[in-house]
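Colleague: So the sequences go chain by chain: H and L. Letter 15 of the first sequence, counting from 1, is numbered 15 in UniProt numbering, and no numbers are missing. Letter 14 of the second sequence, counting from 1, is numbered 14 in UniProt numbering, and no numbers are missing.
Among the hints, erroneous ones may be present.
[Claimed, not checked] To give an idea of the chain H side of the interface with chain L (calculated C-beta under 7 Å), a few residues:
| # | residue |
| --- | --- |
| 1 | Gln14 |
| 2 | Ile18 |
| 3 | Glu20 |
| 4 | Lys23 |
| 5 | Glu26 |
| 6 | Cys50 |
| 7 | Thr55 |
| 8 | Val170 |
| 9 | Ala171 |
[As the list claims (entries may be wrong)] Each computed BS3-like pair below joins lysine-lysine, with the alpha-carbon atoms no more than 30 Å apart:
| # | chain 1 | residue 1 | chain 2 | residue 2 |
| --- | --- | --- | --- | --- |
| 10 | H | Lys161 | L | Lys166 |
| 11 | L | Lys161 | H | Lys23 |
| 12 | L | Lys161 | H | Lys161 |
| 13 | H | Lys23 | L | Lys23 |
Just so you know, the hints here were simulated from the structure itself, not pulled from any lab data. Built from N, CA and C at the ideal position, the CB exists for glycine as well.
Listed here are the chains, written in short residue letters.
Number of protein chains: 2
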Amino acid sequence: MEPSSASLDRLGRQIAFIVEVDKLKEIFRQTLVINSRRQENDAEHSWHLCLVVITLAEYANDPDLDVLRVLKMLILHDIVEIDAGDTFAYDTVGMSDQHEREARAADRLFGLLPDDQAADFRALWDEFEERATAEAKFAAACDRFQPMLLNLNTEGASWRKHGITKPQVVARNQHVAEGSQAMWERISALLDEAVANGLLPAQAPAK
Amino acid sequence: MEPSSASLDRLGRQIAFIVEVDKLKEIFRQTLVINSRRQENDAEHSWHLCLVVITLAEYANDPDLDVLRVLKMLILHDIVEIDAGDTFAYDTVGMSDQHEREARAADRLFGLLPDDQAADFRALWDEFEERATAEAKFAAACDRFQPMLLNLNTEGASWRKHGITKPQVVARNQHVAEGSQAMWERISALLDEAVANGLLPAQAPAK
Numbered sequence: 001m002e003p004s005s006a007s008l009d010r011l012g013r014q015i016a017f018i019v020e021v022d023k024l025k026e027i028f029r030q031t032l033v034i035n036s037r038r039q040e041n042d043a044e045h046s047w048h049l050c051l052v053v054i055t056l057a058e059y060a061n062d063p064d065l066d067v068l069r070v071l072k073m074l075i076l077h078d079i080v081e082i083d084a085g086d087t088f089a090y091d092t093v094g095m096s097d098q099h100e101r102e103a104r105a106a107d108r109l110f111g112l113l114p115d116d117q118a119a120d121f122r123a124l125w126d127e128f129e130e131r132a133t134a135e136a137k138f139a140a141a142c143d144r145f146q147p148m149l150l151n152l153n154t155e156g157a158s159w160r161k162h163g164i165t166k167p168q169v170v171a172r173n174q175h176v177a178e179g180s181q182a183m184w185e186r187i188s189a190l191l192d193e194a195v196a197n198g199l200l201p202a203q204a205p206a207k
Numbered sequence: 001m002e003p004s005s006a007s008l009d010r011l012g013r014q015i016a017f018i019v020e021v022d023k024l025k026e027i028f029r030q031t032l033v034i035n036s037r038r039q040e041n042d043a044e045h046s047w048h049l050c051l052v053v054i055t056l057a058e059y060a061n062d063p064d065l066d067v068l069r070v071l072k073m074l075i076l077h078d079i080v081e082i083d084a085g086d087t088f089a090y091d092t093v094g095m096s097d098q099h100e101r102e103a104r105a106a107d108r109l110f111g112l113l114p115d116d117q118a119a120d121f122r123a124l125w126d127e128f129e130e131r132a133t134a135e136a137k138f139a140a141a142c143d144r145f146q147p148m149l150l151n152l153n154t155e156g157a158s159w160r161k162h163g164i165t166k167p168q169v170v171a172r173n174q175h176v177a178e179g180s181q182a183m184w185e186r187i188s189a190l191l192d193e194a195v196a197n198g199l200l201p202a203q204a205p206a207k
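Isolated chain H (complex conformation):
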């Protein structure tokens, strides 16, 4: 059932949004949770990113980071996947129209809210997508750092399933350094360990 919020009062529209985005708990990602090895969903991923932010904010390149704005971006960043689905980080075909699909989703989902709040939340999502501000760069760094940590703690499960090599991981994730040089240096060292331990191929096999 598609909720129609146009006839509701302000709080009613906000509640309709909160109820609708419950669906984020049903959008599954390629990364696995560590203990049960099931696929992680976007809602628990978003929580884990918030935890990474409050734990590692001290490593942001920008010492004046607005942590509240980083958290707001990450609470909202994947909501568009309710309509657009999850695009795997290494799916270059899916990525070609990803932004267009997600922008349509943002129109519909944030459109459930009162206009002023819809504009606020959309601006936060746009800021995250553009990755130009210090806050968006650090948010994006956390969004790449956490899946690598999960891969490193599940014997590289989603890398191995999809035949991902270290050069691909580096190419896709090196912008972590734009948000946090220290986090990038540490995860790079952990990637080297994963190569040494056979969890991540150093390069693609010769054809």
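Position chain L relative to chain H; hints supplied.
Modeller: Same frame as chain H, now just chain L:
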């Protein structure tokens, strides 16, 4: 495997904490997610609370609410359940030693972190538990408001499963009003509708 973080450097200890609390995704609650009707886990619940905060902060009784501190409390508030398990909101037996079990869990889990950060996070959890500050009262209001919304959108599934009546729901949740009078008034009206629609008994059946 129990992580030992004592020999690690600062960032190593922080990463060990981030990895350990991945287990929050495996702690299941009595409330059901709306579409698939499976039990919600604590990680996705925590994300949903963060979303409620940024959407409904304008209704906090305190107009000067520190939203960042509310979010930090809610990101951390259920981590203790990794060791202590989820205690159902209407389980008065389980509640008798709940705080003691959770305090031991807080010692172990926050103890993975560097000492200064362990103390910061423990102080946030203690503040949430004590429910004395405006931020803790609003965080607690969101933590009660969201499960009621899920119940209202799953035909009262967890209320009906456990034979919960409206007076029990009111007794357990009326402190929402301490954080937000407006949120309490709205949810009270929705509870009245649920009674009218037969999802929530007005009182316990005569014995």
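Colleague: Look at each hint and say if it fits the structure.
Modeller: Checked hints:
no. : hint                : result
1   : Gln14               : holds (5 Å)
2   : Ile18               : holds (6 Å)
3   : Glu20               : violated (9 Å)
4   : Lys23               : holds (6 Å)
5   : Glu26               : holds (6 Å)
6   : Cys50               : holds (5 Å)
7   : Thr55               : holds (5 Å)
8   : Val170              : violated (19 Å)
9   : Ala171              : violated (23 Å)
10  : H:Lys161 x L:Lys166 : violated (49 Å)
11  : L:Lys161 x H:Lys23  : holds (23 Å)
12  : L:Lys161 x H:Lys161 : violated (40 Å)
13  : H:Lys23 x L:Lys23   : holds (21 Å)
The structure is inconsistent with the numbered hints 3, 8, 9, 10, 12, although it conforms to all the rest.
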